[in-house]
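Chemist: Residue strings, one per chain:
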Amino acid sequence: MFLRAKRLTALALGPVLMLFGLLHAGTVAAAAKVNEVNMSPGATDVGQSIFDLHMTIFWICVIIGVLVFGVMFYSIYYHRKSRGVTPATFHESTKVEIAWTVVPFFILIGMAVPATSTLLEIYDFEDAEMDVLITGYQWKWKYEYLNESGENVAFFSNLRTPQSEIYNTADKGEHYLLEVDEPLVIPVDTKVRFLVTANDVIHAWWVPELAVKKDAIPGFINETWTHATEEGVYRGQCAELCGKDHGFMPIVVNVVSKEEYASWLSEKQAEAAEIKKLMAQTFSMDELMERGKSVYDRSCAACHGANGEGGLGKAIADSPIATGDLSGHLEVGINGVPGTAMQAFGGQLNDVDMAAVITYQRNAFGNNMGDMVQPIDVFNHKKG
Amino acid sequence: MGDHHHGPAKGLSRWLFTTNHKDIGTMYLWFSFAMFILGGSFAMIIRAELFQPGMQLVDPLFFNQMTTLHGLVMVFGAIMPSFVGLANWMIPMMIGAPDMALPRMNNWSFWILPPAFLLLASTLFMDGGAPAFGWTFYAPLSTTYAAPSVTIFIFCIHVLGISSIMGSINIIATVMNLRAPGMTYMKMPLFVWTWLITAFLLVAVMPVLAGAVTMMLMDIHFGTSFFSAAGGGDPVLFQHVFWFFGHPEVYIIILPAFGVVSQIIPAFSRKPLFGYDSMVYATASIAFLSFIVWAHHMYTVGMPIAGELFFMYATMLIAVPTGVKVFNWISTMWRGALTFETPMLFSLGFLVLFTIGGFTGLMLSIAPADFQYHDSYFVVAHFHYVMVAGAVFSMTAAVYYWLPKWCGRMYNETMGKTHFWISFIGFNLTFFPQHFVGLAGMPRRIPDYALQFADFNMMSSIGAFIYGSSQILFLYNVIATIVAGKPTSDEKVWDGAEGLEWTVPTPAPYHTFETPPKIDPSHAHS
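Those protein sequence lines, which keep their order, are chains A and B.
Position 319 of the first sequence, counted from 1, bears residue number 319 in the numbering used here, the numbering being contiguous throughout.
Position 522 of the second sequence, counted from 1, bears residue number 522 in the numbering used here, the numbering being contiguous throughout.
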């Protein structure tokens with residue numbers, strides 16, 4: 001029934017879509033599912049239940065709408081003064097009023113039953129096979145795999161679309177604004193529980209095809225889950241206004257086979273061990289500057305400007321902090337400035353990246369302090 | 001004063017010091033139209049930026065300021081004051097009262113509005129920019145992470161709240177005390193009923209909003225942590241308090257609109273309103289339910305399942321009284337003798353489009369489905385169907401309906417009908433495709449979007465420009481009517497219209513019903 005339902009909707013909308021398809025043909029041909037008009041049942045059983053519920057209610061509304069508007073347009077056509085009718089004078093009927101109070105009530109009960117059972121299905125958090133902690137940051141997501149044996153795996157997932165595409169100096173790619181540097185990877189046919197929280201303001205983690213939307217609230221942890229039955233790449237976005245770059249913090253989830261997941265996980269664990277080793281190393285100025293630039297572009301530029309000129313945040317160029325005492329600079333970078341939008345990056349960047357970006361800020365944009373920070377300095381500062 | 005009759009004072013002081021309900025009503029109406037144009041310009045900037053993917057015109061932070069100010073100006077500056085203006089003009093004339101019960105307070109409740117909005121608009125030029133946290137201003141984005149202008153914003157909200165509370169007290173006092181002898185409650189026109197109930201809602205919830213912004217102020221400047229978990233507070237508390245105000249607020253906007261339509265549909269059907277009593281009861285039920293459904297705006301914050309179920313069931317129930325209203329309006333038309341002048345066209349536009357907004361509202365009430373709809377463009381489409389096609393269409397209908405009575409001149413019918421059809425087409429072109437992009441996964445309040453949403457967004461923007469420019473025609477028609485419309489002196493401008501306002505001369509004199517009219521006891525409500 002629902003397949004047919006979908007076709008009917010498409011049929012009804014066909015002419016409108018065709019008109020715009022013609023107007024706009026070609027420009028977005030590469031993207032998937034252009035001009036989709038309906039919700040997707042997605043890749044989970046819960047998503048299918050929600051879709052079925054959505055379509056049921058949609059069709060009930062359509063039927064009521066056809067009846068109500070039918071009566072109305074009948075009246076508009078046949079009861080017009082220009083046809084020479086004399087107006088009736090009736091103006092009340094308790095029986096009719098009772099009927100149209102009671103009948104809708106029963107229709108509502110008919111809707112509430114499937115709604116309740118779908119809700120119970122969604123609220124069944126039992127028997128999750130793995131946990132991922134999702135933390136929203138302005139304006140990126142952090143994923144942390146909990147309870148996996150071996151090295152702890154945690155990483156940030158940032159928008160990968162270059163500024164040149166956003167500001168129209170380059171052609172927009174197929175997954176414009178819906179692509180990240182490091183996607184979340186989860187295994188197929190596995191109940192994955194997400195623990196959702198935020199570091200600064202409220203965000204919401206939404207992947208339509210996984211049928212998950214949950215607010216990420218600073219200081220509180222929400223839980224939700226998914227159980228993907230099909231491998232694939234699923235894309236979503238932050239759904240709660242979270243400040244300037246709310247529109248630029250997408251979510252990409254790769255659902256892969258269990259074997260692929262296991263090998264991906266061990267690769268990530270090896271990477272984490274590698275970072276640990278790097279922490280003990282000493283870097284040259286050039287190495288720090290090179291690494292520092294890429295960290296800056298990823299983590300600082302959104303607020304402080306691509307050239308340190310400032311923006312939402314203070315300017316880095318010629319800033320009293322970046323050209324002042326080193327430990328003061330480390331303090332701001334690691335612990336942030338409480339009560340402002342300057343976050344504590346100590347928990348977001350590893351010590352190598354922190355050392356690199358502080359060094360970079362002190363020696364770029366016209367700042368010329370000439371000093372270097374090593375990972376061990378960051379480590380010591382954190383220890384106090 | 002005795003038999004001392006006087007007309008309006010001359011010049012600016014007439015408007016500054018007036019205590020006349022008609023003058024104050026006029027000022028409210030013009031002010032709200034000015035705000036409608038201002039809020040509309042913000043919407044045009046939003047739609048222009050969203051015309052194509054990519055950032056073209058504004059930066060993302062400014063875009064957020066536009067969405068925020070568009071919502072605030074439209075809700076608090078355009079829609080609410082427009083209905084207060086209508087109440088000022090019409091309620092005394094509908095119940096046979098000489099003026100509002102508290103005329104000096106009436107003056108004050110209007111005159112604190114313009115400075116408040118001037119202040120709010122001035123935040124655009126402040127360091128850090130205007131409020132950029134959405135008209136729902138969720139903490140902590142609106143506290144710890146807000147620009148300094150948030151303090152000005154809080155002050156403005158307080159002033160608007162005071163204005164609304166004073167206006168409501170005035171309406172309650174007027175309706176309860178100044179009805180002409182024989183004008184019993186169940187004989188009052190439905191517009192008076194819906195406003196009486198609205199006024200009670202306002203008095204109940206505006207202080208809650210004041211509480212919310214005061215807690216924000218404390219968090220920002222005085223070191224409290226109402227909305228910060230780090231100090232023992234809870235950001236979700238903000239949403240509970242806000243929506244305890246916010247949900248009744250949307251009924252505050254729509255109930256007077258119901259009242260207007262309940263006056264106009266019988267007039268052009270030449271048949272009494274069907275089910276008057278049930279209309280009154282349905283309005284009261286909607287008002288009551290509005291207090292126990294607030295958390296349906298918060299299905300995704302992580303409520304326990306018992307909370308989700310309660311708010312889902314309670315919200316679904318609203319469909320019952322709302323349905324009763326729609327059925328009654330259609331029964332009023334049934335076997336009437338219909339004509340389709342501009343006020344009727346806008347009322348029918350209201351009826352069709354508000355019902356569609358009601359259907360999407362019912363869909364949104366279903367908590368599990370809302371997990372997909374929430375904060376998507378589907379919601380944007382839904383609330384514009386009820387706010388614009390609901391409240392604004394009905395307000396427009398009201399202006400066309402009563403304008404001849406106000407100024408003694410007839411508007412240009414062809415231009416009025418043209419205004420309707422352009423508005424109707426523009427509106428649907430703007431907001432219908434937003435259902436599609438929302439269902440397909442486009443979040444609201446984003447300045448740029450993925451490529452698969454491009455065509456519908458372009459449609460939406462074209463529709464918005466059409467709808468927006470049609471309002472210039474409206475403004476022209478109204479001014480042309482006032483300046484050079486065809487004079488009319490019929491007391492009853494519309495042959496099917498009923499009610500005391502149609503028994504006074506046209507144009508309505510500066511003072512009406514200085515002695516109470518006689519109410520024909522056999523004559524039920526208008």
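Among these hints, one or two may not hold up.
Partner residues are not named here, just some residues of chain A that face chain B (Cβ under 10 Å, in silico) [as the list claims (entries may be wrong)]:
hint, residue
1, Val37
2, Tyr78
3, Arg83
4, Glu231
5, Val233
6, Gly236
If you're looking for bench data, these hints aren't it; they were derived computationally from the structure.
All C-beta atoms, glycine included, are put in the ideal place defined by N, C-alpha and C.
Chemist: Now look at each hint and say whether the structure bears it out.
Modeler: Here is what the structure says about each hint:
A hinted interface residue such as Val37 (chain A) counts as satisfied when its beta carbon comes closer than 10 Å to some beta carbon of chain B; here the least separation is about 4 Å, so the hint holds. Because the beta carbon of Tyr78 (chain A) sits about 9 Å from the nearest beta carbon in chain B, less than 10 Å, this interface hint is met. Because the smallest distance between the Cβ of Arg83 (chain A) and any Cβ of chain B comes to about 9 Å, under 10 Å, the interface hint for this residue holds. Hint on Glu231 (chain A) is violated. Least Cβ distance to chain B is approximately 20 Å, over the 10 Å limit.
Below 10 Å, beta-carbon pairs count as interface contacts, and Val233 (chain A) has none with chain B, the closest being about 14 Å; its hint is therefore violated. With its C-beta approaching chain B no nearer than about 7 Å, Gly236 (chain A) sits inside the 10 Å limit, and its interface hint holds.
The structure fails to meet hints 4, 5 from the earlier list, while all remaining hints are met.
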